[in-house]
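> Sequence:
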Amino acid sequence: MAKILIAYYSRKGQNYVNGAIKNLAKGNTEVVAEMIQKFIGGDLFEIDTVKDYPVDYTECTQVAKVEIQQKARPELKRYLASLDDYDKIFLGYPIWWSIPPMAVSTFLECYDFSGKKIFPFATHEGSGLGGSVNYIKRICPKAEVIDGLAIHGAEAANAEREVSAWTKRLLS
Numbered sequence: 028m029a030k031i032l033i034a035y036y037s038r039k040g041q042n043y044v045n046g047a048i049k050n051l052a053k054g055n056t057e058v059v060a061e062m063i064q065k066f067i068g069g070d071l072f073e074i075d076t077v078k079d080y081p082v083d084y085t086e087c088t089q090v091a092k093v094e095i096q097q098k099a100r101p102e103l104k105r106y107l108a109s110l111d112d113y114d115k116i117f118l119g120y121p122i123w124w125s126i127p128p129m130a131v132s133t134f135l136e137c138y139d140f141s142g143k144k145i146f147p148f149a150t151h152e153g154s155g156l157g158g159s160v161n162y163i164k165r166i167c168p169k170a171e172v173i174d175g176l177a178i179h180g181a182e183a184a185n186a187e188r189e190v191s192a193w194t195k196r197l198l199s
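Mind the numbering: the sequence shown is residues 28 to 199 in my numbering, read in order.
Please note: incorrect hints may appear among the correct ones.
[To be verified] Simulated crosslink set (DSSO-like; lysine-lysine; CA at most 27 angstroms straight-line): (1) Lys195 - Lys30; (2) Lys115 - Lys49; (3) Lys143 - Lys104; (4) Lys104 - Lys195; (5) Lys98 - Lys65; (6) Lys92 - Lys30; (7) Lys53 - Lys30; (8) Lys115 - Lys104; (9) Lys30 - Lys65; (10) Lys39 - Lys98; (11) Lys53 - Lys92.
Hint data in this document are derived by calculation from the structure and do not stem from the laboratory.
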């Protein structure tokens with residue numbers, strides 16, 4: 028029986044929340060990833076970069092913007108041996124300028140997603156999924172990319188009902 032993977036990139040520390048910079052002990056996308064695991068099971072895998080982003084939110088956004096412009100592929104701290112055991116991959120990320128952080132691109136380009144179903148979920152501060160679903164489709168053309176779930180970052184901790192309904196609908 029194939030397993031479910033919940034892979035996510037999340038930023039803890041300084042984040043933009045409802046118009047202000049706040050310090051988060053746990054990133055919003057990680058909160059949602061853990062909810063998904065609670066509702067459907069599966070293996071959690073954190074996408075994390077070797078080089079840390081700046082702690083300061085504004086500095087981080089400047090670095091992230093340059094990465095996007097340069098189509099950078101930051102090295103990850105760890106990788107999965109393979110995706111062979113997984114047929115459903117829930118892929119979580121914050122929206123940075125309409126797409127996932129470049130670390131998610133690194134993750135996607137490291138594996139063969141042929142025949143896999145990818146379920147994107149994103150946290151955001153007003154942009155919804157942005158262009159992220161089409162972005163993932165371009166990187167993983169042989170995967171089936173399912174309509175995703177967008178959670179307003181400031182409401183992530185209280186999104187259990189929405190996350191539960193989404194996962195039940197997808198897996199029923």
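> For every hint, state whether the structure bears it out.
Here is what the structure says about each hint:
With a C-alpha separation of about 16 angstroms, the suggested pairing of Lys195 with Lys30 holds against the 27 angstroms cut-off. At roughly 33 angstroms between alpha-carbon atoms, Lys115 and Lys49 are farther apart than 27 angstroms, so this suggested pair is violated. For the suggested pair Lys143 and Lys104, the alpha carbons sit about 24 angstroms apart, so the restraint of at most 27 angstroms is met. A C-alpha spacing of about 32 angstroms is found between Lys104 and Lys195, which places the hinted pair above 27 angstroms, so the restraint is violated.
Taking the CA atoms of Lys98 and Lys65, the gap is near 34 angstroms; set against the 27 angstroms cutoff, the hint is violated. For the proposed pair Lys92 and Lys30, the alpha carbon gap of about 35 angstroms is over 27 angstroms, so the pair is violated. Between the alpha carbons of Lys53 and Lys30 the distance comes to roughly 26 angstroms, so the proposed pair stays at or under 27 angstroms and holds. For the hint pairing Lys115 with Lys104, the CA-to-CA distance comes to about 23 angstroms; that is within 27 angstroms, so the pair holds.
Restraint check for Lys30 and Lys65: the C-alpha separation of about 15 angstroms stays at or below 27 angstroms, so the hint holds. With a C-alpha separation of about 23 angstroms, the suggested pairing of Lys39 with Lys98 holds against the 27 angstroms cut-off. With a C-alpha separation of about 22 angstroms, the suggested pair Lys53 and Lys92 falls inside the 27 angstroms cut-off, and the hint holds.
When each numbered hint is compared with the structure, violations occur for hints 2, 4, 5, 6.
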